[in-house]
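Visitor: Quick mapping for you: the protein sequence lines, in order, are chains A and B.
Per my numbering, the very first residue in the first sequence carries number 1; after that it's consecutive.
Per my numbering, the very first residue in the second sequence carries number 1001; after that it's consecutive.
Partner residues aside, some chain B positions facing chain A, computed with beta carbon under 7 Å:
#, residue
1, LEU1109
2, GLY1151
3, HIS1162
4, ASN1203
Keep in mind that the hints were calculated from the coordinates and are not lab data.
Remember, it's a predicted structure, so these values are computed and weren't measured experimentally.
Glycine is no exception: its CB is placed at the ideal position from the N, C-alpha and C atoms.
One letter stands for each residue in the lines below.
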Amino acid sequence: MENNKKIYKYFCDTFLYDAQKNHESAINKFFKKDAIINIVEPINEIKGSEELIKKFFLPMLYAFPDFYRRTDILFGGIINEEEWVTGSGHYVGTFAKDWMGIPANNKLTYLRFGEFHRMQNGQAVETYLFFDLIDLLRQIGKWPLLTKSLGDERFIPGPITSDGIILEAQNSEETKTSLVMVEEMLRNLHTKEQYWRKYWHPNMMWYGPSGYGSYIGVDGFARFQLPYESVFDPYRKSSTTMTCEKGSKLDLAVKGHFARFAEGNFVASGGWPSHGGHLCKEWLGIEAKGQQFTCRISDWWRREGNKLVENWVFVDLIDMLKQLDYDVFKAVDIEIFFEDN
Amino acid sequence: MILENKQLYKSYLREFSYPNETNYKNAVHNFFSEEASINVVHPINKIQGSQGYIDKVLKPMMKAFEGLSRSDYIVIGGNYEGNDWITSTGYFAGKMINDWLGMRANNRLVYIRFGEFHRMQNNKCVESYIFYDLPELMMELGIWPLSPSPGYSGHIPGPTTHDGLVYGESDPIESSKTLTIVEKMLSKLNTPNKEWYPYWHENMLWYGPAGFGSYIGIKNFENFQVPFESCFQGWTVELSDNNTIIKDFIRVADGNYATNGGWLSVNGKHVKRFLDQEPTNKDVSMRVCDWWRREGNLLVENWVFVDVPDLLLQIDYDLFAKLK
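For reference, chain A alone in the conformation it holds in the complex (with noise of 0.2 Å):
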């Protein structure tokens, strides 16, 4: 396990400062071959290192020449007997040329990242990377969403603590403690009595994707969190309840997290996607029509005593949107492309 950070953080801190020179082979010795690399909306599924560098690294180091890692939170666990390290952070460059179609603004940028891999004889065999390209699209003027964000729209700092890089063995039961109340603390989200309150400390923090915002205090989660119970019809689905039809299209869409772990007071999880129902209240502008959605999220948690203080939350948004027929790219007239290398 530590052995497997070591080789994580080995590969962040390559693109640190050195990106251009030493990416390439930093990649293909960090993943495998032919590992699974999924990425958000509009990239998806790349298969091994080698489509890795030339489908994203190169076109996103050749617009942001400068470009620069900024880690926040590194850590692994184990579950279900499979290793996985996880990060998220920033990546800052100049945003000097186009990138898949996005036009280059010419400032300093940060692209908000989150990443899962699952490690192998010291290889990520299995890759989702999370990017907020909202997030990208709102700092170059083109908010591209119906409506307003629901939260406050900014950077997102990382750990109150600075203490989110993990690389020493930490406390086992510190690490139980954490897992154990982010899964309590799950299991009684969409409840009527709101019992998820008791397990956040009042002033907490919540980070959620651009188009979601930020919010602070217990209550200020709650302005996000009620509403968004309330856009499902009866059926759903989440890694703690089902409530649709074993079998139906819905259970079949919704795959779970694919991977939740802790270590020491950090929780991380991550599902592809994770949840889903059918659309039966306006939400982000959109008409409700029973449309099928699904979504792709991760979520890190940084708990302090007896509660949960800081939760980094990405949901994949533009592929949330285009399940319900809304184009986030073509909303500001962005064509997406990607160049043949």
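Mind docking chain B on chain A? Use the hints.
Guide: Positioned in the frame of chain A, the structure of chain B alone reads:
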């Protein structure tokens, strides 16, 4: 002394992670002397003693920002010309529920960037310089009345390496190496052949105050810095005005980190359009401070404050009056 001061500061900061009426007031009275001379950016300016700091700064802040919490991402200390200092930078976060300093509350989560310097004597703080990036807050609230920054404006993250909380003892050799590089670099600013270049990593990050913006890469930084300097003729750091030498109050290093602060430091005559203001030919002096992070032989990150509202006031633009 430095280690002891760091521990005092650490316990002070702990009470601000989730402050309430009782704990923050006790913490302030424990940390600040009753007569401390506390200097805060415009429009707060000069304050006397721990009680003054509570009444004039913290109470109004607590009232304006619900759930206010404080997070520091750099804490370092050192001795400068016989004085012990402790300094830190980071953000306050809270839900703005009441107006503050003439800024209308938006009922939203907002952040306030701060930088603080405290001179310690007999376990008490006797002199402070406190910076807030109020223009950054104005931009977040959508009430900034001037043109947007030429660079990125918004939240400024902490050190990429997350090792800015230096509560322990640093290797004096490393500290001295950092200080030397910073001093050499500063002495070469505003030289014709860009002699400050070799002290920086090519991909350095310059986190400037709102109004100036943030830049990545030395060329992008130069593209901002050189025109900025040219707005103020006779650009000098720490030099005489009417034969009075205004010295920076601090310049120390602690491990890979260094800091510098001047309360009236950068001087020059306003001869070119700056922040939408036509040249006034007035002599200005800026309240500025910096933290740097060194990696190997190069500076890689630089966090900067300039009291922009105070600077604007010197060239006849009253930012706070424009908010009304």
